[in-house]
Structure formats: C-alpha cells, structure tokens
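Asks: Take the given structure of chain A and dock chain B to it, following the hints.
Chains A and B, in that order, are what the protein sequence lines are. Using this note's numbering, you'd call the opening residue of the first sequence number 1 and step up by one each time. Using this note's numbering, you'd call the opening residue of the second sequence number 1001 and step up by one each time.
Calculated from the structure, these hints are not laboratory results. In this text, a Cβ means the ideal position worked out from N, Cα and C, and glycines have one as well. Among these hints, one or two may not hold up.
Under the rule of at most 27 Å between Cα atoms (straight-line distance), these lysine-lysine pairs were calculated in the DSSO-like manner [unchecked claim]:
(1) A/K151 <-> B/K1340
(2) A/K151 <-> B/K1073
(3) A/K391 <-> A/K206
(4) A/K11 <-> B/K1201
(5) B/K1244 <-> A/K336
(6) A/K336 <-> A/K391
(7) B/K1300 <-> B/K1273
(8) B/K1073 <-> B/K1340
(9) A/K151 <-> B/K1081
(10) B/K1201 <-> B/K1300
(11) A/K252 <-> A/K176
(12) A/K176 <-> A/K151
(13) B/K1340 <-> B/K1081
(14) B/K1300 <-> B/K1135
(15) A/K151 <-> A/K336
(16) B/K1244 <-> A/K52
(17) B/K1273 <-> B/K1201
(18) A/K84 <-> A/K52
So the derived label-pair ranges between C-beta atoms look like this [said to hold, decoys possible]:
(19) B/N1082 <-> A/S81: 52 to 62 Å
(20) A/I30 <-> B/Q1275: 29 to 39 Å
(21) B/I1125 <-> A/E161: 55 to 65 Å
(22) B/Y1151 <-> A/I30: 31 to 41 Å
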Amino acid sequence: MSAASEHAEAKVPLWNNPRVRALVSQTLLIAVLAWAFWTIFQNTVHNLEQRKIASGFGFLSTTAGFGINQVLFLEYTEASSYGKAFLAGLLNTLVLSFIGIIFATILGFIIGIMRLSHNWVISKLAAGYVEFFRNIPLLLQIFVWYNVVLKPLPGPRQSLEVAGVFINNRGVYSPKPLFTDAWWFVVFAFIAGLIGTWAVARWARKRQMETGQPFPVGWTALGLIIGLPLATYFIVSLVAGNPVHFDYPELKGFNYRGGMRIIPEFVAMLLALSIYTAAFIGEIVRAGIQAVSHGQTEAALALGLTRGQMLRLVVIPQAMRVIIPPLTSQYLNLTKNSSLAVAIAYPDLVAVGGTILNQTGQAIEIIGLWMLIYLSLSLATSAFMNWYNAKMRLVER
Amino acid sequence: MTEKQHKISFYRTEMLPPKPPPPATTGVLGWMRENLFSNWWNTILTFIGLYIIWLIVSNFVQFAILDAVWEGKDRNACLPKNGVEVGACWAFVRARFNQFMFGFYPVAEQWRVNLTYLVGIILLIPMLIPSVPWKRLNGILLLVAFPIFAYLMLYGAPSLNLPIVETTRWGGLLLTLVIAITGIVTSLPLGVLLALGRQSKMPVVRLVSIIFIEFWRGVPLITVLFMSSVMLPLFLPEGVTLDKVVRPLVGVALFSAAYMAEVVRGGLQAIPKGQYEGAMALGLTYWQMMRLVILPQALKMVIPGIVNTFIGLFKDTSLVSIIGLMDLLGIVQSALADAKWSTPTTAPTAYLFLALTYWFFCFGMSRYSIFMENYLHTGHKR
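Just chain A, with the same shape it has in the complex (with noise of 0.2 Å):
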C-alpha cells in the first residue's frame, strides 16, 4: 500500500468507515437475531412447562390408533406406530405430487400449444382455460372437484361401469393385477430394452457424428421398449401359463371388495391440482416457443427439415432452455399445493401429521417435521432440474 493511500485512509473518521460499518451493523443483526431466537426459546420452553406438553420425538414409536383410507407401499394398521402414519401420509403426497406433475405437464403442453394455433377459435379456448382456471382458488377448485362433480355420483349399487371398472361415489373401483414369480422375466426384458436403447442411441449418435448416417432410434427404441417385453410374455404364457391375473371387484353388500380402489379424495385433488397448474404451465409454454425467434424456423425450414423435424431438432430445444427454469417452480408449487389435501382429508403428509397434533399436542415437533420435508423436496426437485437444466443449456465455447 502506497503512503497517500494510508494518509487518507487515516484521514476518515472511525464511524465513516466503510469497513467499520459494516462490521458494526452486522454484529448488531447477529445480536438482535440471537436475541430473538433466545426469547423465544426460552419462551417456548416455558409455555410448554406450563401446559405440560412433552416434547421430543418419542411420540413417533407410540401407536397412532388412527386408520388412514389410502395405505400405499405399506402395512399400515390402527397398532402402527405415529412414525409409520407419517410415513403413509408422506408417500401419499409422494404419489399425489407426482402423478399430478404428469398430468398438468401433458395437459399444460396441450393448453400451451393450443394457445399458438393459428385456429381462432382454438387459441381463443386455450386463452379462456387459463384465464378462467389460474384466477380462480385452488382451494375453491378442490372443493368444486370433490363436493360438486364426486359427490353427487351414483352409490356402489348403481355403479357406472366403463370397460369393468366401476366409478361411484366411493371411488373408482379397477381389476387389480396379480403377478406370479414369472413376471419377473417380462420385468427383466423391460429393463434389458431400456439399457438396449440407451447403447443404441449412444452408438447412433457416434455414429452420425462421424459418418453423417441417422439411424431410425425412434422405431428401435420402441421395439425394444414394448415389442422385447411382450415378446417374453408370450413366451411366458406359452411355456409358464399366464404370469398375470385379475382380482375383479365386486359387488358385496353394500360395497365393492377386492380389486384396486381409487378414493374419492384422491381423484379430486389430482382433477384440480393438474387442471389448476396445467393453465400456469400452459402460459409457461406458449412463452417458452414464442421466444424462439422466427428467424430459426425459416433458417430450419429453408435447410429442407420436414415441420416435425423442425419442431423436435430446432424448436422444442431451443424452447425448452426458456420453460424448464419457470417450470421447476411450478413442479414445486404443485408439491406444495397438494397439501392443500387436508381441506377434503385427502390422508396426506400434514392431513395425518394434523391428526397427529391433535392426539399428542406436539406442535413444534410436527410442523417442523412437515417443513423439514417440504424444504427437502422443494430442494431435491430443484436439484434434478437444476441437473438437467445444466443438460439442457446452450453449449457454447
């Protein structure tokens, strides 16, 4: 450091100092921070004295006592424990929220394409959809699904029937599949295709990166895919039997029993949860080709590409860059949105965890719960599209 430097540096008063600012205005943040945090520790572990509500979680091994109407992947029963009903109602939103994320994204591509048609009537119907569905409440909507359009379906005994599953007021009743041993060989040629595929489009690529030659991936991908799978069930059938049966339902009494049942609660938050953010993707969509410029698709068109190929070799990647980052945080809002289920007790992550509360009063405990797991999920799905974001990126030099 030069002398002058040092001269007027001694020149600014103490509390002038950039530095000496900073270092004294967050030192006081950091102590009103700890201070806060400190009442109110000490606030809450006063309160909790007094009401005599234990804390810890030690809960989560006690037996819940509570039944949960959609169990999936588990044996849950009234004995499991507070732990094992966190867990159902965790892989309830799991299911929810990915099912739902499927949904809206289909729906959503369709309602942003629509919206491009050159067809004034179709682009004007895509336009009404969105305006119509993203401004009303979701809430409202899940209540409309639910109590409106579910509700008032005939009971079991008048069933509607389509193509043996079976739709009442219930819920929708399907055959359920049953696997013996043998279907593992479909399962393992399953999974066989898929490694194929991978190999074939890595060669494939390599291959016209030195030649210039395509090759037809798409066909082979589905012949492996589907045709090597259903291939080996038919020869499962033929040497094994048939590795697959039906568990029909029926009609019993007052209800069905047996088969595959779809609850009420379920149906409805996934119509309204896909058909709610279907109109923000939608939106999200239409942005997303529009900012390609026109400039790329002539460029493309005047290279001798066929429209698909122009659509799937130079739009949709170009135009994907611009939708996968608004995307990501509709995925997460939809996530989140699910939890919404406890308006119609959908036995979802904080519709068991509110059970919970009531029973056992262990507020922080639960609601910390839920946010360290939301947090978690809002953080792993960002990671995955944030990955393939990365992938997606312009490569540039």
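Replies: Coordinates of chain B only, in the frame set by chain A:
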C-alpha cells in the same frame, strides 16, 4: 416531337386504378378462411372448438339464469320440481348475502365497513390512474392514513363513539379483503428490504436474507398458517396473546414477503451497473442511491411480477378457512352445512358465486398489470 414520343412509348403514362383486393383474403369471409377454415383439419378443429364453447355457454346459461331460482325462504324453493332438477339456487345466496359480505359483523355497525370501502376506493382509484397528479400525497394517505382510519372504523374506538367489534365477528369478503390488503401492504416493503439484503455486500446480511427467503419459499402456506395459529402463541411470553385474525396475518405477510423479495431481486439485477456507479459517483449514500435511483427503476420494471404476487396472495387468503377463520370461502363452506338450505344445487350455486367473486378480483388485477406493463413500456425494454 414530344407528342410523337408519347405515342411510341411502350410503357403506360398514367397509373391504373388500384384493383380491389382479392376477396379471399379480406373482410370477414377472408378472415374466416384464413383463421378458421384454412384446411380440412383446421375446419374440424374449428367445429370441435365451437361445439365445446356451445356446450359450456348453453349449460351455464341454462343453469345460472334460465333454470335458476331467484326467490325463496328455504330449501323448498330449490328442491327438484316434479322430478326435474332446478338450476342455480340464487335464493340461498341472496338469503345469506349479508353474511357472505360481512360475516357476523353487527348489522347496525355495517355502515362502518361500507364507509371504509368507500374511502379506500376513493383513495385507490386516483392512485391507479397514472395521469392523476399528487401521487405522493395520495400514496401517503393510502398507505399511512388509510390503515389507521380503517383500523379505527373496523375495530372501533370507544372514545370516538364507535363500539368495539371483536375480530372474531369479522368474516366473509370483509375478512378476505382485510387479510389480502394487509398482506399486500406489509409484504411489499418487507420484500424490498429482503431483496436489498440478498444483494448486500455484507455476508451476514446476505446469508440471513437468503435463509429467510428460501425457507419461506420452500414450505407450503398451509404449514405456515398452522405454525402461526398453533406455534406462535408458544413463542410469546406468558400473558401476551395475539388476536386470532392477526396470527395468520403474520404468516401470510412473511410468506408473501419472501416471494416479493424474489420478484424485486429480478428488477434489481436488471438495472445496469452504470446506474449504481453513477449514483455512487454523485456522492449519494446507499439509501439515497436505492431510494432515488435504483428502486424507482427496478420496481417499475417488475410491476407485472408484483401484481402477480398480489393475485397469488389474494387467492391464498382462502387457505385461512382451513385453520378455522370465516373468510369468504370459510363462511360459504359453513353455510353449506346448514340443513335449512340443503338441496342438490345449493353447493354448485354457492361455489359459482365464490368463483365469480374471486375471479372478478383476480382478473381485474391481472388486467391492470397488463395495462401498466403497456403504459410503462418505455426506457429499458426494447
């Protein structure tokens, strides 16, 4: 000579009259041919679209207007007549309209709510129209004087001869608007502070802001509301209690502040560095620079995003019905449980009424944001 030249010239010497445009591309017919029936596939799509629109419109008109029941004292009016279901049971909405608007606010005191609405609208409209002057005075009145006035009017002040109306009696649209407007008014400044904090050069301030923003954005609002209604009382010292309506307000305000912060950050990042450097070169302090140079530009740029956050906030107020508050959605839900009005069409009618009300507010806001976006379409945008 010249005349001869004229005679032998092989090009025209005068303009032809303009030909009429080909009928196939102009006018209503041309437009229809271009946009609706350009090929057989398009034609099929057009007819499918028209059929869907016809289905929606005709069913809606049939249900909401033609078959609707407008008058009646109880469920008998809206029961199926001769085995034929009637349409919308507007009689139910009319009977409960006062409750839907004011909750259990005493009827004798409802003029106070209406007066508050009136003053609010009178202050808001000139604020929204860009060409009306005295924006600063208007803003101070709206953001400082009006909340105090509204609090005194709605909650009451015995010294002003206004009897106190407990917040437990507030409900319906009144409560929805109170939560939404309080959330909007508090989340904007908080969000700006957080956004500035996230951009700050001081590591502790930045870290605290990032943790705060990412935490609130990562959790669903319903858990925040549970937290504010169940956990907040545990956090407070003994003897101090928070009003039941204020608790979710705290949650909603913090929650939307985090979203607002991200919107404002977008604006801050879009300001060219030269603006910061220019302001600093002029010798402005940090707060002067932000207040006079950066924020006016940044906020202007992100008005659509801010309004979108407001719309989201307005829709999210319906969630307070889950923790037992009687907002518009909550009070309609509880009215539906009344056996006096239990008919097959009561619920659809009530939900239709709710949907139209929420839609009116949200759509209005989104139209305003589009208007502002076009109005401000100057400067940075190319």
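Asks: Between A/K391 and A/K206, is the straight-line Cα distance small enough, at 27 Å or below?
Replies: Holds, at about 18 Å.
Asks: Please verify whether B/K1300 and B/K1273 have alpha carbons no more than 27 Å apart.
Replies: 17 Å, holds
Asks: Between the alpha carbons of A/K151 and B/K1081, is the straight-line distance 27 Å or under?
Replies: 22 Å, holds
Asks: Please check whether B/Y1151 and A/I30 have a Cβ separation lying inside 31 to 41 Å.
Replies: Given a distance of about 34 Å, which is inside 31 to 41 Å, the answer is holds.
Asks: Honestly, do B/N1082 and A/S81 meet the 52 to 62 Å range at C-beta?
Replies: 56 Å, holds
Asks: A/K336 and A/K391: Cα distance at most 27 Å?
Replies: Holds. A/K336 to A/K391 sits at ~26 Å (cutoff 27 Å).
Asks: Run the distance test for B/K1201 versus B/K1300: straight-line Cα separation, threshold 27 Å.
Replies: OK: B/K1201 and B/K1300 at ~24 Å, within 27 Å.
Asks: Starting from the hint 55 to 65 Å, judge whether the C-beta atoms of B/I1125 and A/E161 obey it.
Replies: 57 Å, holds
Asks: Please verify whether A/K176 and A/K151 have alpha carbons no more than 27 Å apart.
Replies: 24 Å, holds
Asks: Does the structure keep A/K151 and A/K336 at a Cα separation of 27 Å or less?
Replies: Status holds; Cα separation ~25 Å.
Asks: Evaluate the given range 29 to 39 Å for the C-beta pair formed by A/I30 and B/Q1275.
Replies: 31 Å, holds
Asks: Please work out if B/K1300 and B/K1135 have their alpha carbons no farther apart than 27 Å.
Replies: Holds: B/K1300 and B/K1135 sit about 15 Å apart, inside 27 Å.
When held up to the earlier numbered hints, the structure conflicts with none and fits them all.
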